[in-house]
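Asks: All chains, full assembly: derive it from the sequences and hints.
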Amino acid sequence: MSSMPLCCVAPTIPAGAITVGQNGEGTYTTITQALADKSSNVIYVYPGNYTEQVVISRANITIYGQTSDPLSYYSNMVTVSGNLYAGIAGSNDLSGTVRVSGTNVQLYNLNIENTFGKPIDQAQAIALSVQAGPFACYACQLRGYQDTLLSNKGIQFYGKSLIQGSVDFIFGQYASVWITGGTINTVGSGYVTASGRLSNDSTWYVIDKTTVTGTGQSYLGRPWRNFARVVFQNSYLGDNILSAGWKNWSDTDPRTDNILFGEYNNRGPGAWNDTARPSFATKLTAPVDIITVLNSTSWINPAYL
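Residue numbering for the sequence shown follows the UniProt record's numbering, starting at 1 and increasing by one per position.
These are calculated hints, taken from the structure and not from any lab test.
Heads up, some of the hints might be wrong.
[To be verified] Restricting the straight-line Cα-Cα distance to at most 30 Å, the calculated cross-link-like pairs of lysine-lysine (DSSO-like) are:
1) 209 - 118
2) 283 - 153
3) 247 - 209
4) 247 - 153
5) 153 - 209
6) 153 - 118
7) 283 - 247
8) 247 - 118
9) 118 - 38
10) 38 - 209
[What the hints assert, rightly or not] Simulated restraints on C-beta separations:
11) 211 - 243: 17 to 25 Å
12) 32 - 74: 21 to 29 Å
13) 25 - 298: 33 to 41 Å
14) 118 - 298: 34 to 42 Å
15) 15 - 239: 42 to 50 Å
16) 118 - 295: 31 to 39 Å
17) 211 - 279: 21 to 29 Å
18) 250 - 215: 19 to 27 Å
19) 284 - 174: 38 to 46 Å
20) 68 - 274: 42 to 50 Å
21) 211 - 302: 31 to 39 Å
22) 22 - 201: 30 to 38 Å
23) 279 - 25: 17 to 25 Å
24) 200 - 33: 27 to 35 Å
Computed from a predicted model, the values in this text were never measured in an experiment.
No residue lacks a Cβ here, since even glycine has one placed at the ideal position from N, Cα and C.
Replies: As structure tokens, this is what we get:
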């Protein structure tokens, strides 16, 4: 999957990369133009704010945003911005600022945002939509409000990244997802996850070694569908997480009969509360292993594990 040795990261331009810049330093001025050039599967983006919808349908694409520190999302210098919401775009996926349908795609040090924000009436507005795997997101910032990250299909890895939103902002139906080493930031009251798992399949959403912080009063998740399976483990849960931790879908349609909302070895004011957690939440006796979720880690850059 990797275009370079897995032990490495790319603070400088990889050999043979197609370049993108807004001030004459790149071969192209937009990422979309670079993706149309099939002479290389590696794209390097110079600093700037790129207002475009980026559709990655080719396999084996790697995109690097310029940074002074490839292991930190704080140092990212490239932002990709969009402002579509699902009601206008036609679907959740079609509203994505970056849409991935190719396999073996890797994104490094990109800030990806949907700036639609909080409307008068709630509306889905996706920053990143991933419809195929393996997929890896390294030291990126994913910023939105409702439904920021649609992690929908395939095996997916998010390492040392920021995921920011308010309502159901990590969601999907068919993907198996591992999130580690970064930050989940709430920007208002709502739900961090909304797993739409439809059956007793092999998929998981696992948030591991992550700092969950922010504003508002939030639940760790609610079940979008009846077989939701989400685990928070080895993480810091801030005071933005309500003492109940988890919520049913609604009182008239709870969707809790076949779910696993699990927690293991978390710390902080939002961590497991014996008296407040609902009966459908589970205090696990052991962590979930990454191999259980992703089958293998051979395709993941180990610097971000």
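Asks: All the hints need checking, so say for each whether the structure fits it.
Replies: Against the structure, the hints:
no.	hint	in the structure
1	209 - 118	holds (29 Å)
2	283 - 153	holds (27 Å)
3	247 - 209	holds (22 Å)
4	247 - 153	holds (24 Å)
5	153 - 209	holds (23 Å)
6	153 - 118	holds (26 Å)
7	283 - 247	holds (15 Å)
8	247 - 118	holds (21 Å)
9	118 - 38	violated (38 Å)
10	38 - 209	violated (37 Å)
11	211 - 243: 17 to 25 Å	holds (19 Å)
12	32 - 74: 21 to 29 Å	holds (27 Å)
13	25 - 298: 33 to 41 Å	holds (35 Å)
14	118 - 298: 34 to 42 Å	holds (41 Å)
15	15 - 239: 42 to 50 Å	holds (47 Å)
16	118 - 295: 31 to 39 Å	holds (38 Å)
17	211 - 279: 21 to 29 Å	holds (28 Å)
18	250 - 215: 19 to 27 Å	holds (24 Å)
19	284 - 174: 38 to 46 Å	violated (23 Å)
20	68 - 274: 42 to 50 Å	holds (45 Å)
21	211 - 302: 31 to 39 Å	violated (21 Å)
22	22 - 201: 30 to 38 Å	violated (43 Å)
23	279 - 25: 17 to 25 Å	violated (58 Å)
24	200 - 33: 27 to 35 Å	violated (44 Å)
In terms of the numbered hints stated before, the structure departs from hints 9, 10, 19, 21, 22, 23 and 24, listed from lowest to highest.
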